[in-house]
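Here is how the chains run, residue by residue.
2 protein chains.
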Amino acid sequence: MAASSSLTVSQALVGRTIAHHHNQASTDRLSLLTTLTANRSLKSSTRVSTRSRKSQLVSRSVIRSAAVETLETTETALVDKSVNTIRFLAIDAVEKANSGHPGLPMGCAPMGHILYDEVMRYNPKNPYWFNRDRFVLSAGHGCMLQYALLHLAGYDSVLEEDLKQFRQWGSRTPGHPENFETPGVEVTTGPLGQGVCNAVGLALAEKHLAARFNKPDSEIVDHYTYCILGDGCQMEGISNEACSLAGHWGLGKLIAFYDDNHISIDGDTAIAFTESVDTRFEGLGWHVIWVKNGNTGYDEIRAAIEEAKSVKDKPTLIKVTTTIGFGSPNKANSYSVHGSALGAKEVDATRQNLGWPYEPFHVPEDVKKHWSRHIPEGASLEAEWNAKFAEYEKKYKEDAAELKSLITGELPTGWEKALPKYTPEIPGDATRNLSQACLNALAPVLPGLVGGSADLASSNMTLLKMFGDFQKNTPEERNIRFGVREHAMGAICNGICLHSPGYIPYCATFFVFTDYMRAAIRISALSESGVIYVMTHDSIGLGEDGPTHQPIEHLASFRAMPNILMLRPADGNETAGAYKVAVDNRKRPSILALSRQKLPNLLGTSIEGVEKGGYIISDNSTGNKPDVILTATGSELEIASKAADELRKEGKTVRVVSLVSWELYEEQSDEYKESVFPAAVTARVSIEAGSTFGWHKIVGSGGKAIGIDKFGASAPAGKIYKEYGITAEAVIAAAKSLL
Amino acid sequence: MAASSSLTVSQALVGRTIAHHHNQASTDRLSLLTTLTANRSLKSSTRVSTRSRKSQLVSRSVIRSAAVETLETTETALVDKSVNTIRFLAIDAVEKANSGHPGLPMGCAPMGHILYDEVMRYNPKNPYWFNRDRFVLSAGHGCMLQYALLHLAGYDSVLEEDLKQFRQWGSRTPGHPENFETPGVEVTTGPLGQGVCNAVGLALAEKHLAARFNKPDSEIVDHYTYCILGDGCQMEGISNEACSLAGHWGLGKLIAFYDDNHISIDGDTAIAFTESVDTRFEGLGWHVIWVKNGNTGYDEIRAAIEEAKSVKDKPTLIKVTTTIGFGSPNKANSYSVHGSALGAKEVDATRQNLGWPYEPFHVPEDVKKHWSRHIPEGASLEAEWNAKFAEYEKKYKEDAAELKSLITGELPTGWEKALPKYTPEIPGDATRNLSQACLNALAPVLPGLVGGSADLASSNMTLLKMFGDFQKNTPEERNIRFGVREHAMGAICNGICLHSPGYIPYCATFFVFTDYMRAAIRISALSESGVIYVMTHDSIGLGEDGPTHQPIEHLASFRAMPNILMLRPADGNETAGAYKVAVDNRKRPSILALSRQKLPNLLGTSIEGVEKGGYIISDNSTGNKPDVILTATGSELEIASKAADELRKEGKTVRVVSLVSWELYEEQSDEYKESVFPAAVTARVSIEAGSTFGWHKIVGSGGKAIGIDKFGASAPAGKIYKEYGITAEAVIAAAKSLL
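Sequence order for the protein chains is R and B. If you read the first sequence in the working numbering, its first letter stands for residue 2, the second for the next number, and so on. If you read the second sequence in the working numbering, its first letter stands for residue 2, the second for the next number, and so on.
Because the hints were derived from the structure by calculation, they are not lab data. Heads up, a few of these hints could be off.
What the hints assert, rightly or not - DSBU-like, lysine-lysine: derived pairs with alpha carbons at most 30 Å apart:
| # | chain 1 | residue 1 | chain 2 | residue 2 |
| --- | --- | --- | --- | --- |
| 1 | B | K346 | R | K698 |
| 2 | R | K737 | B | K720 |
| 3 | B | K711 | R | K723 |
| 4 | R | K674 | B | K737 |
| 5 | B | K698 | R | K698 |
| 6 | R | K698 | B | K674 |
| 7 | R | K711 | B | K581 |
| 8 | R | K346 | R | K405 |
| 9 | R | K711 | B | K165 |
| 10 | R | K588 | B | K723 |
| 11 | R | K698 | B | K626 |
| 12 | R | K711 | B | K626 |
| 13 | R | K711 | B | K613 |
| 14 | R | K720 | B | K97 |
| 15 | B | K653 | R | K698 |
| 16 | B | K698 | R | K653 |
| 17 | B | K720 | R | K711 |
| 18 | R | K346 | B | K126 |
| 19 | R | K599 | B | K97 |
| 20 | B | K588 | R | K720 |
| 21 | B | K588 | R | K711 |
| 22 | B | K711 | R | K674 |
| 23 | B | K599 | R | K165 |
| 24 | R | K599 | B | K165 |
| 25 | R | K653 | R | K723 |
| 26 | B | K698 | R | K643 |
| 27 | R | K674 | B | K698 |
| 28 | B | K711 | R | K698 |
| 29 | R | K698 | B | K737 |
| 30 | R | K588 | B | K720 |
| 31 | R | K588 | B | K711 |
| 32 | B | K698 | R | K711 |
| 33 | B | K698 | R | K626 |
| 34 | R | K737 | B | K674 |
| 35 | R | K720 | B | K346 |
As the list claims (entries may be wrong) - Cβ-Cβ distance ranges computed for the label pairs, FRET-style:
| # | chain 1 | residue 1 | chain 2 | residue 2 | range |
| --- | --- | --- | --- | --- | --- |
| 36 | R | D349 | B | K737 | 50 to 58 Å |
| 37 | B | D157 | R | L739 | 53 to 61 Å |
| 38 | B | P679 | R | A680 | 18 to 26 Å |
| 39 | B | D710 | R | A212 | 41 to 49 Å |
| 40 | R | D710 | B | N215 | 42 to 50 Å |
By construction, the Cβ of each residue, glycine as well, lies at the ideal position given by its N, Cα and C atoms.
Please put together the full structure from these sequences, using the hints given.
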């Protein structure tokens, strides 16, 4: 029945294709569908085509024959049925929610089925099993595909009632895949292009750990990373950045499926996307395979995966030509099926077209039975690996302990003792240099600390001196060279972070260029990825490079972002404190804004102070009632301190407060806050070399905020500070005006 | 002398190359340099190589021969001298500033010379002449190249004293090219990748105007856009986005030089950038040419430009292999010459190596004389064009008037009368739909209004219904299809905007995805590009798509950004007001945050109100002393109004203030502000479905800010509003707590 209904669909689609397409690719698909319709029962599968394909892959024909031989007619019928189950779970959930994206799951159900049912190794009852294959749905709007697969595979996170609660308040099946809501979902996708970069990060994470921990007699780290991305992901620049790196690094265990369906929200991709993706990926150093019939060509998909696995020194892009909304007689192959429910009438028509007699959300018994093996199989996979690890532990005790800490995320006891401490006698330094001291102090005690810069290592001061570069042939090393690719850098770090709890990735660029990677940083915050963002050159203090390079609004913009720590340390102790906080916060990313210019070590700063977010560094008042409170962050804390000294000379009682992290300060008790900023003291002056936006909450209606509410300028730093009035004199004048 | 000194350089470089490189590309360069050293005096130039080169370009050999024949030995010597003048102006300026990037100007001086001296059409005394060729230095850190060229060409903006003031306070030669500081600089670059996208925008602008205004007997719009981009620009995803579009649009008059110098800040690009750029660009639909000797191969460069011009249906990438810091015997071909002054000793060594006996900043007389022709020639070019335009005006009066308004930026009188007006009786609508009504009302009266969406036209409601799509073969149309490429979209709009003052580009995506394009938006603000950003789905009100799609911190993040207008209209009148403001502000970009959901037309809203940024929409108090002030923006203004109605029923005097644009409100007089928010009224409640960050400045220490300081959720919008407490009940409770 399934086979004959598929025949009907193919015929329906041929009609639609004629109506819709005029270009070469469409013609190819058209003739392909016709061929398939004619040759449906033939065992010899359609040839996989690729421009770059090596003509003599040794094991290839063997693998292909084997795969084909195991496919009995009945089995193919069951695959059809399973694939249609996935399609209808998506259709039904979207229909019930009257919201969502049925098109992609309907088109990608075949590759989804093959991946989760035939290819991937996972344990549904422990979604966090370390050595599982990772899957990322970069085209996150198609999340019903993933929910349907997790449901069939037996994950507890997606039960039938969860499917029925798709996109509803409090459900585990939100509108886009969210790792923090749904175990089994590895990363958070939806914003296009992010997922494939996460996948690059996951694959990097695997390659690195494999190189560090595998032994000739024990491949203890060994999994693939699979990804499905769509036309939208391909158009986003971030994906080109990450895929260029994946090619450079030779991530052979990364296999990405490009759902080449020729439809995006505005219609046929021909209106804005006519590049040759194949050629581009060949340029990026990928192995490229084209599966011409992604709708029903199961063997083509299987063979492509086998081929991809056989290419070990390059990531593989499998371009899978599919029909969006496959099976819907009136909406397939059109944008109308992308992001809306089909509607009752078209759901009926699709049921009829695909020969699907079942109630909504029904999983046929034979399909259910077929998939049920994944629970025992998954348990076995994990048990086998656990046994392997026990052996490994016996032979390689130290390595096993280190790997264990990477797997569990348990930080070594006393790690924070490695952080340097400073006194005012120690000569001052730029906080970017102090940051490097912290990174290099922490690297030996934190096995998961890996990272690098977007081509600014020597400016951001991010090199771990005891390690070499993570490269194709030296993947055991820990310095990552991202090139000038800030956005991918952030998203790759999200992938690394979410690979294993013990990974602590950091990445770096100039603070102003957080603008390039803001979407990835936001996903760190949302997906609870404790990435450490090392952002140097944090103000006009960078000087001559001028306004394109000088952050103004950036501190405010991140203070407004949920679940992220914006830290701007003032000296050595505060930089160490910032790292203490950043490493401790594994489910909240941290941004460290660091100076290019030298800053003195101040009296009164401390790691403990930083952990409170805001604290008093000096005060000559008694009874919690200073005449005035001066508050600042980072490089301006020195200025506030100088102003305080002057005011004290004139007999004033002055408190100086460092507000290194507003978020941490906000979390303190009311009592503590009253002890730092007593409500009765309304004479408050803030100074920060950035936007004053937000400071009025701190200084209150009676206070003054000194800052910069315009763009910077190109000149030596000292000159700009003076011209922009970021001076002790300005603080003194403001304070006096309030006294 | 110049020739023999170049020989020395080549030899010096051969030595360095051996020491530094091991890969194939380097070997190619090595053998090339050797060949060049040997064949230096031969007239027959090195062959231009390209993978995609058409073997039979009809006019090619003729052009090549012509170019070669005109080159007498003396002339080549003079070119050498001019090129070295450029190099030393850059070296000297960076040395004097002790800050800057000498490496790129030293490597790119030959292509710079050929462009500005031999190829480009411009008028130094009128940098804004409409029909000039545009040049963009995407690798903006190399700005001394451009300053040196503008200086030699006779622009008044870069005199000798300006070169001496490089990177100093108040100078016209800032650390990166800034169009608002230096006439002759078209756009603001420095953040990598932006410039080449601006160039795509400039080329689009030309192609569009040419298609709209050129006549069979008058090619009144006709110029090229040239660009130099480096490895850094190539790595940035934004450049891939824009170049994919440039290929799609067939921007044949866009010619980009890729300065392929194999060095970025972290060292050899081999550590992070090993893709085949050529192959990628072929995939993107570009014509690709490789100039193997960019250091001294003048004829190669010339021939490549001719070839590029002969390819009319594709943009051309000329990959020019150069040596960064060419001429510096000890620093060339290394990262150390990228971003630091050479130092006195190495400057001397470079002078000796290149045989340059002159004082710093000296332009030899013969070079000066040679370049001096550009002033009369430029004047002639403009005069000829003016005469042509006079002819055009006679024949095509209406077109000429329209083109003139595009050139001058003068808006048609009374354009704002086209904006729709609303009363509360008119059924409510989503502000995204009201925005579409405005766009479609304005398109007929604003000849420069062009724009589109990043594949969300049907969600952002941005289609101009009376126009078709700007495409390769329909460039006269005004709807631009950007595909899912937000970042390039913003940067392309900056290019369009800065092409001619009358262009009013708009672009659109979901508000949350401003994160993808923030770096381009910031450059709109900095470079005074009045782009209109149409950002829909502006809050949790979008519902089921969930937290990845729901903006929270975005309003605050743009309120903190300098020189940009963040507008969040509440209904029909306010949407019209937002367009009034956005169109009027040609040197300040506007962001319109628009709702997905339906909103009622409120009593008291007005275009005039929006122009003040904040204004009273209702009040039942007298004497400027209401019991409480409720303030809101956008979709929450309705909630504030409802709460006010309830409170008034209970006998309170309540004022409701719309704060549609904080920036505009901030610019009002103190008197006006006191009339809206009297200092004496401290009972103030704000409500906005976004971060409360920043609101305390408005509500004061005594007020309350209702908002959302965490991520959103996936559920129907009404449910989220209720669960998140964005309700009239919450406003009433807060108000009562203050009374």
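Going down the list of hints, with the structure as the test:
no.: 1; hint: K346/B - K698/R; in the structure: violated, 54 Å
no.: 2; hint: K737/R - K720/B; in the structure: violated, 50 Å
no.: 3; hint: K711/B - K723/R; in the structure: violated, 38 Å
no.: 4; hint: K674/R - K737/B; in the structure: holds, 26 Å
no.: 5; hint: K698/B - K698/R; in the structure: holds, 7 Å
no.: 6; hint: K698/R - K674/B; in the structure: holds, 19 Å
no.: 7; hint: K711/R - K581/B; in the structure: holds, 24 Å
no.: 8; hint: K346/R - K405/R; in the structure: violated, 54 Å
no.: 9; hint: K711/R - K165/B; in the structure: holds, 26 Å
no.: 10; hint: K588/R - K723/B; in the structure: holds, 27 Å
no.: 11; hint: K698/R - K626/B; in the structure: holds, 24 Å
no.: 12; hint: K711/R - K626/B; in the structure: violated, 34 Å
no.: 13; hint: K711/R - K613/B; in the structure: holds, 20 Å
no.: 14; hint: K720/R - K97/B; in the structure: holds, 16 Å
no.: 15; hint: K653/B - K698/R; in the structure: holds, 27 Å
no.: 16; hint: K698/B - K653/R; in the structure: holds, 27 Å
no.: 17; hint: K720/B - K711/R; in the structure: violated, 40 Å
no.: 18; hint: K346/R - K126/B; in the structure: violated, 68 Å
no.: 19; hint: K599/R - K97/B; in the structure: holds, 22 Å
no.: 20; hint: K588/B - K720/R; in the structure: holds, 27 Å
no.: 21; hint: K588/B - K711/R; in the structure: holds, 14 Å
no.: 22; hint: K711/B - K674/R; in the structure: holds, 21 Å
no.: 23; hint: K599/B - K165/R; in the structure: holds, 27 Å
no.: 24; hint: K599/R - K165/B; in the structure: holds, 27 Å
no.: 25; hint: K653/R - K723/R; in the structure: holds, 25 Å
no.: 26; hint: K698/B - K643/R; in the structure: holds, 27 Å
no.: 27; hint: K674/R - K698/B; in the structure: holds, 19 Å
no.: 28; hint: K711/B - K698/R; in the structure: holds, 18 Å
no.: 29; hint: K698/R - K737/B; in the structure: holds, 21 Å
no.: 30; hint: K588/R - K720/B; in the structure: holds, 27 Å
no.: 31; hint: K588/R - K711/B; in the structure: holds, 14 Å
no.: 32; hint: K698/B - K711/R; in the structure: holds, 18 Å
no.: 33; hint: K698/B - K626/R; in the structure: holds, 24 Å
no.: 34; hint: K737/R - K674/B; in the structure: holds, 26 Å
no.: 35; hint: K720/R - K346/B; in the structure: holds, 28 Å
no.: 36; hint: D349/R - K737/B: 50 to 58 Å; in the structure: holds, 53 Å
no.: 37; hint: D157/B - L739/R: 53 to 61 Å; in the structure: violated, 48 Å
no.: 38; hint: P679/B - A680/R: 18 to 26 Å; in the structure: holds, 23 Å
no.: 39; hint: D710/B - A212/R: 41 to 49 Å; in the structure: holds, 42 Å
no.: 40; hint: D710/R - N215/B: 42 to 50 Å; in the structure: holds, 45 Å
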